[in-house]
Amino acid sequence: MSESAELSRSLVRSIVSPAPTGMLADGRIDRTLNTIAAWTLGLLWLTPLLYAVWTAFHPSAYSTRFDAFAPLTLENFHAALEAAPFPRYFLNTSILVATILAGQLVLGTLAAYAFARFSFPGRDIAFALVLIQLMIMPDVLVVENYRSIHTLGLVDTIPAMALPYMASAFGIFLLRQTFKTIPNELEEAARIEGCGTLGVLWRVYVPLAKPTYLAYALVSVSHHWNNFLWPLIITNTVETRPITVGLAVFAGTDQGIDWAIITAATLLASGPLLVAFLLFQRQFVQSFLRAGIR
Amino acid sequence: MTAHPLGNSGRLAAIHGWLLLLPAAVLLAAFTHYPAVATFWHSLFTTPRGNRPARFIGADHYRDMLADPIFWTALQNNLIFAAGVILPSIALAMTMALWVNSRIPGRGLLRLAYFTPTVLPMIAVANIWLFFYTPDYGLFDQVRSLFGLPTVNWLGSSDTALGAVIVVTVWKEAGFFMIFYLAALQQIPPELGEAAQLEGASRWQRFWRVTFPLLMPTTLFVLINATINAFRLVDHLFVMTRGGPDNATTLLLYYIYEVGFKFWDQGYAAALTMVLLLLLATVALLKFFWLERKVHYQ
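Residue numbers (the working numbering), protein chains in the order written: chain A, 1 to 294; chain B, 1 to 298.
No lab work stands behind these hints, which were simulated from the structure alone.
Hints should not be assumed to be uniformly reliable.
[To be verified] Part of the chain A face toward chain B, derived, beta carbon under 8 angstroms: (1) Leu49; (2) Met135; (3) Glu144; (4) Arg147; (5) His150; (6) Ala248; (7) Ile262; (8) Thr266.
[Claimed, not checked] Residues from chain A shown here face chain B by an in silico Cβ test under 8 angstroms; the list is partial: (9) Pro48; (10) Ala128; (11) Ala167.
[Unchecked claim] Rough simulated footprint, nothing fancy, chain B against chain A, three-plus residues with beta-carbon under 8 angstroms: (12) 28-39; (13) 85-97; (14) 106-115; (15) 151-160; (16) 220-231; (17) 281-289.
No residue lacks a Cβ here, since even glycine has one placed at the ideal position from N, Cα and C.
Please construct the entire structure, taking both the sequences and the accompanying hints into account.
What follows is the structure, given as structure tokens:
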């Protein structure tokens with residue numbers, strides 16, 4: 001963790017104070033050109049989102065033409081909520097994301113502790129087998145996983161959507177790295193105090209790994225909030241469908257191409273994550289960073 | 001109660017280790033290792049239908065695959081898609097990071113602009129861009145009409161559809177890769193750039209001789225991730241093109257979905273999945289045995 005923590009810290013420093021020397025910034029003309037280019041790209045990058053916000057908050061007559069005096073409206077959001085059970089989809093996604101995260105945290109913590117602090121025959125092979133999942137993810141094994149879930153009789157249930165993702169190689173790896181940095185003496189002291197294996201884990205390792213848990217949770221939640229293919233395959237009904245699949249079904253059925261309503265629904269689906277991101281920008285960036293450095 | 005030794009090979013420690021590992025191991029085996037092996041096994045059988053059980057057919061699915069023009073189209077599309085997404089998004093990510101790392105006005109806001117697409121669901125992104133690409137009314141055609149250019153059916157023509165899908169993916173991914181470059185740039189001691197400057201190196205030379213080589217480990221990391229994503233990301237196809245027109249945007253995983261869950265030919269879908277697994281395994285082997293050794297300068 002030391003390396004990644006240091007990186008994240010330095011990133012935060014750079015956010016708070018200007019970078020020591022920008023390699024690109026010397027010479028006034030040079031700097032001006034770079035600023036113009038950077039902001040042109042920035043605006044280009046923001047255009048799709050700004051366009052979506054414009055369309056969603058104005059009557060559909062203004063979807064394709066700009067008018068600074070166009071009236072604002074929430075009508076498109078009303079229409080979208082009338083037309084499809086989005087609250088139900090939100091509920092399904094929330095349950096799904098929470099189930100996956102809870103499973104990943106518990107299983108990941110236990111397995112990471114085993115890999116970090118125990119030596120047992122077959123440990124290194126087991127670890128290599130875990131790492132395979134970083135390359136071959138459940139996302140590409142949908143055909144066989146559907147077969148298995150079908151055999152288990154779990155098709156069209158929320159557990160079916162969650163099961164393939166509950167044991168996450170990425171989470172195990174991240175927590176193992178963190179646990180390895182915790183001094184062994186702390187564990188020994190806790191053992192002397194009479195803690196068992198799980199007691200040590202709960203009292204020593206889990207509290208000290210809080211930043212990693214937070215980072216991992218943010219990455220996991222945003223990943224699974226946005227996941228689509230597996231939920232699409234394994235769900236058939238409103239009672240289980242997550243918001244991404246709900247949105248695709250809604251936009252896929254013929255709406256008479258009312259872009260204003262579809263865009264409103266699109267913003268509804270992305271809204272919670274987007275708002276969370278705007279509020280906790282620094283934590284998000286830091287988390288993705290911490291989680292990405294292997 | 002006595003404290004027993006830890007982190008060594010006591011019998012009790014070994015049992016505890018395995019017990020801790022067990023729950024994760026069971027699920028990993030059930031949903032990653034077993035399906036990977038079962039994919040190969042089931043690719044050797046026909047798909048069971050109704051009261052007709054699966055029948056062993058050996059390599060027949062693979063023979064069919066070699067003769068299947070859609071498979072070759074999907075594979076070719078996927079390779080073009082990978083190349084078209086990976087190189088531009090890495091170049092853009094690096095440029096964005098260099099900008100955001102320099103003393104540029106409003107860099108907090110700029111970083112936000114670049115990174116925001118990362119937190120949007122791909123399905124939502126696809127909806128927004130679908131609107132952009134709409135003939136006549138979409139933003140692209142409106143801008144073109146200002147210059148008197150004719151309308152283009154971006155997603156409806158096989159010449160432009162794959163390119164249009166690539167643009168969306170680059171937009172979605174570049175900002176994500178940017179933050180890894182940003183982190184790496186923070187680690188480069190400013191003295192290196194200053195020393196090069198004293199030696200009379202131009203800005204361009206300094207980038208290529210100093211910064212770029214030092215970013216190499218990050219580039220490798222991003223390259224691997226981008227490659228895996230190029231074979232895994234198909235969500236936007238469901239909204240934007242459904243693989244069309246005339247399979248011009250069918251990627252491998254999308255074709256696997258169609259064969260497996262629209263035509264319900266799961267035996268053939270398993271054979272197709274084997275190709276995808278082979279591609280991903282190649283990426284993994286390249287990473288571990290070749291690239292990993294070549295990129296470390298320090």
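Hint numbers not upheld by this structure, sorted from lowest to highest:
5, 10, 13 and 15
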